[in-house]
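The whole structure should be built from the sequences, with the hints applied where relevant.
Protein chains in written order, with our numbering: chain A, 1429 to 1641; chain B, 6 to 531.
Rather than coming from a laboratory, the hints here were simulated on the basis of the structure.
Don't take each hint at face value.
[To be verified] Simulated pairs of lysine to any residue, SDA-like, Cα-Cα distance not exceeding 20 Å:
id, chain 1, residue 1, chain 2, residue 2
1, A, Lys-1479, B, Ala-209
2, A, Lys-1479, B, Arg-206
3, A, Lys-1479, B, Val-61
4, A, Lys-1479, B, Ala-60
5, B, Lys-398, A, Arg-1454
6, B, Lys-398, A, Glu-1451
7, B, Lys-57, A, Glu-1626
8, B, Lys-398, A, Ala-1448
9, B, Lys-57, A, Asp-1473
10, B, Lys-223, A, Arg-1536
11, B, Lys-223, A, Val-1539
12, B, Lys-416, B, Val-406
13, B, Lys-218, A, Ala-1544
[What the hints assert, rightly or not] Chain B regions said to be covered by chain A (calculated; three or more residues, Cβ under 8 Å):
id, stretch
14, 65-79
15, 85-98
16, 149-159
17, 289-296
18, 321-328
Source: prediction; values computed, not measured.
Glycine included, every Cβ here is placed at the ideal spot set by N, Cα and C.
Here's the letter readout for the chains.
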Amino acid sequence: MNARAEILDRIRSALRDAPAVPEVPRDYRRSAEHGQEELIELLTDRLLDYKANVFVEDAAAVPQRLAALLEGTVRYAVPHGLDQALFAAADVHDGGPARRVTDAPGHRLGVGELDAVDAVVTGSAVAVAETGTIILDAGPDQGRRVISLVPDRHICLVRAGDITAILPEALRRLDGTRPQTWISGPSATSDIELERVEGVHGPRTLDVVIVRE
Amino acid sequence: MSGTFLGMPSLPVFGIGNLHEHEPFPKAARRELGNTQLRANLGHATRTIRDKRLAVVSELPDWEELRDAGRAIKESVMARLPELLEQFEANFTARGGTIHWARDAGEANAIVADLIREQGADEVVKVKSMATQEIGLNEYLEEQGIAAFETDLAELIVQLDHDKPSHILVPAIHKNRSQVRDIFLREMEGVDPELTNEPARLAAAARAHLRRKFLSAKVAVSGANFALADSGTLAVVESEGNGRMCLTLPETLITVMGVEKLLPAWEDLEVFMQLLPRSSTGERMNPYTSLWTGVTPDDGPQNVHLVLLDNGRSAALADEMGRSALHCIRCSACMNVCPVYERTGGHAYGSTYPGPIGAILSPLLTGITAEENNSLPYASSLCGACYDACPVKINIPDILVHLRGEDVDSKRGKKKLPSQMDLGMKAASWALSSGKHLGLVEKALPLGRLAAGPDKKITKLPGIAAGWTQSRDIPAPPAQSFRQWWDKEHQAPAAPADATGPEAPGAGAPGTIETSNGSTGPKENP
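So this is what it looks like as structure tokens:
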């Protein structure tokens, strides 16, 4: 008998008492009522707790904010689907060669290139205020999973309308078969005497720009 | 293969690998208890994490509802396991992944090694994984000439020190910062000799050490926290980003996962991703979670494998009382509240799975009759703190008692003569069956006083009772029993005529007993 058949056989044999399949009680919170300002405030509080940097901006002010955040970076990466107009202000002081490198289908940034950039700017799919979680699902404005991982600094745009109060609401907006990265704060470890240290292998700095629409 | 089981019921097939005690728990525990550094580290660590966990758990108004949902989902997974495994396999395969089935540790190790060799690789990066620790994958790969680099900071510390993990979440919990610095200075190539013991500096050293490995690795090996049957999705929960590195950078990804880790549907993830981080690290959410479904063209590994591991899980499932141990989501909340674990540390349990959950899971996977593991169900004070802390409400104390019973039965089966324990229990059953019997036994009290001698302590009991006096004395019994005292006080002819009934002095005000009835009475309507 092959391993598959034998394991399934063993499991069926183990279940010969035919245990009942219980009804799953779903009386935990599955939605919550929060106004948008309240959600922004809660998400901000949680992100600050993780030692992320948070900026809340009106849509029109985002290019200026990005320009300020990117000041001093020699080179930064963006996914091809992110609105290029967002970088109008950031690229203005740019005298020399293009500071912005774009990861696009057919024009992939290598790991070495990603390791050499100072920052990456991405969008996001949905955020969870209560847990301070930002979820990326590799949409065109977020790019491949690797681009938000290798650079040392991740600047992430979160549309206010994409913030949900609690996790079940966020999961209902997502397609489980897309590759996902859930980010709650910058990389961190508590492996030495349970003391939290921000920044190990993932980006050591996380800047979140929450965009009011 | 048909969905209905038609074959002969087979005997359970137990697991092998790093699941055994290396010596009986009492012996290992006595040695570990003498390690004051270990106890100080553990005391600090478990206290910190208990406080953090309590704080974030009490934030959630629906924590108990989430636990109930979690338990019910896991129960239904176990009841429907064959069907869910087949559904998961179909979905994962349809999206470009490859599934392998492994009956035991040896088979799983061989599959992984073959997959690595197929890629022409002789080294792999690894995300921390309990399943690969259980099957001893690193040791096996080393024998095969393949180097496996652990990339989680704590696993790296343990690996560099040629030590073993002692906690399932923070494997190097038994080491303090100065010990970690010494290990790095001794074992890490090119480390700054001025390295201090600040955790931030140590983490930075680990980052530098592993960076090149990540960026050049061709093959990665991981475990999985969850697998969703309805979509064929796998999930890995982590903090440092080493998981994301391994899961997205290499061309080939090999995941090893126990068959019990399934969840039926996408929506079930919302329950477990609320229960797990709060229970394990005491955070509202862990920094990083990665989800992948087979192969995503142009994003991440293009050669994706999953090894589904039995290694005793079907045997544990066959134990109707014990099968809920398979509900475990490896959060480690039980070990952080366990008074026994806090003092002995994880190494005393021998197995990959220490603490309260290990005390039931290891013997269930290997069989309690395996002599190596039959002391583990006794590694508990049965205080019940683990049951309270468990996010999926595994009744660990009940299963411990059940396994103790199995152990006694299996030992009895091997002997023809009744044991001292059997005789003792028989005698106790006779003595406690009636007041008269007990009265007779109490007449022997003066003998106990005699045995205690002038210092009024019994320091050595004979036979199996000797274990009790190994670390404590028994005070001399009183000169008379309560019943003897009662008879003298109340039935002696000289009893005062105005006695107000059968109230012995010191029985306490009757009112204190009656008020407590309120809590058991019918609930008032709000």
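So, going through the hints one by one against the coordinates:
Restraint check for A:Lys-1479 and B:Ala-209: the C-alpha separation of about 17 Å stays at or below 20 Å, so the hint holds. The hinted pair formed by A:Lys-1479 and B:Arg-206 meets the criterion: a straight-line CA distance of about 17 Å does not exceed 20 Å. Annotation: proposed proximity of A:Lys-1479 to B:Val-61 holds, straight-line Cα distance about 17 Å (limit 20 Å). Pair hint A:Lys-1479 plus B:Ala-60 holds up; C-alpha atoms about 19 Å apart against a cutoff of 20 Å.
Between B:Lys-398 and A:Arg-1454, the direct Cα distance comes to roughly 16 Å. Compliance with the 20 Å bound is thereby established for this hinted pair. For the suggested pair B:Lys-398 and A:Glu-1451, the alpha carbons sit about 16 Å apart, so the restraint of at most 20 Å is met. For the hint linking B:Lys-57 to A:Glu-1626, the alpha-carbon distance of about 17 Å falls within 20 Å, and the restraint holds. Restraint check for B:Lys-398 and A:Ala-1448: satisfied, since their Cα atoms lie roughly 18 Å apart, inside the 20 Å limit.
About 17 Å separates the Cα atoms of B:Lys-57 and A:Asp-1473, which keeps this hinted pair within 20 Å; it holds. Using a Cα cut-off of 20 Å, the hinted pair B:Lys-223 and A:Arg-1536 holds, with the two alpha carbons roughly 18 Å apart. Proximity of B:Lys-223 to A:Val-1539 is assessed by CA-CA distance (about 13 Å); at most 20 Å being required, the pair is judged to hold. As the CA atoms of B:Lys-416 and B:Val-406 are separated by approximately 15 Å, the hinted pair is consistent with the 20 Å bound.
Distance check on the hinted pair: B:Lys-218 and A:Ala-1544 sit about 16 Å apart at the alpha-carbon level, within 20 Å; holds. For the stretch 65-79 of chain B, the stated coverage by chain A is satisfied: 8 residues place a CB nearer than 8 Å to a CB of that chain, which reaches the threshold of 3. Counting residues of the stretch 85-98 of chain B whose CB falls under 8 Å from any CB of chain A gives 5; the rule of at least 3 is met. With a cut-off of 8 Å between beta carbons, the stretch 149-159 of chain B has 4 residues touching chain A; three or more are needed, and the interface restraint holds.
Check on the stretch 289-296 of chain B: 8 of its residues sit with their Cβ under 8 Å from a Cβ of chain A, so the three-residue criterion for coverage holds. Requiring three or more residues with a Cβ within less than 8 Å of a Cβ of chain A, the coverage given for the stretch 321-328 of chain B holds, as 4 such residues are present.
Checked against the numbered hints given earlier, this structure breaks none of them.
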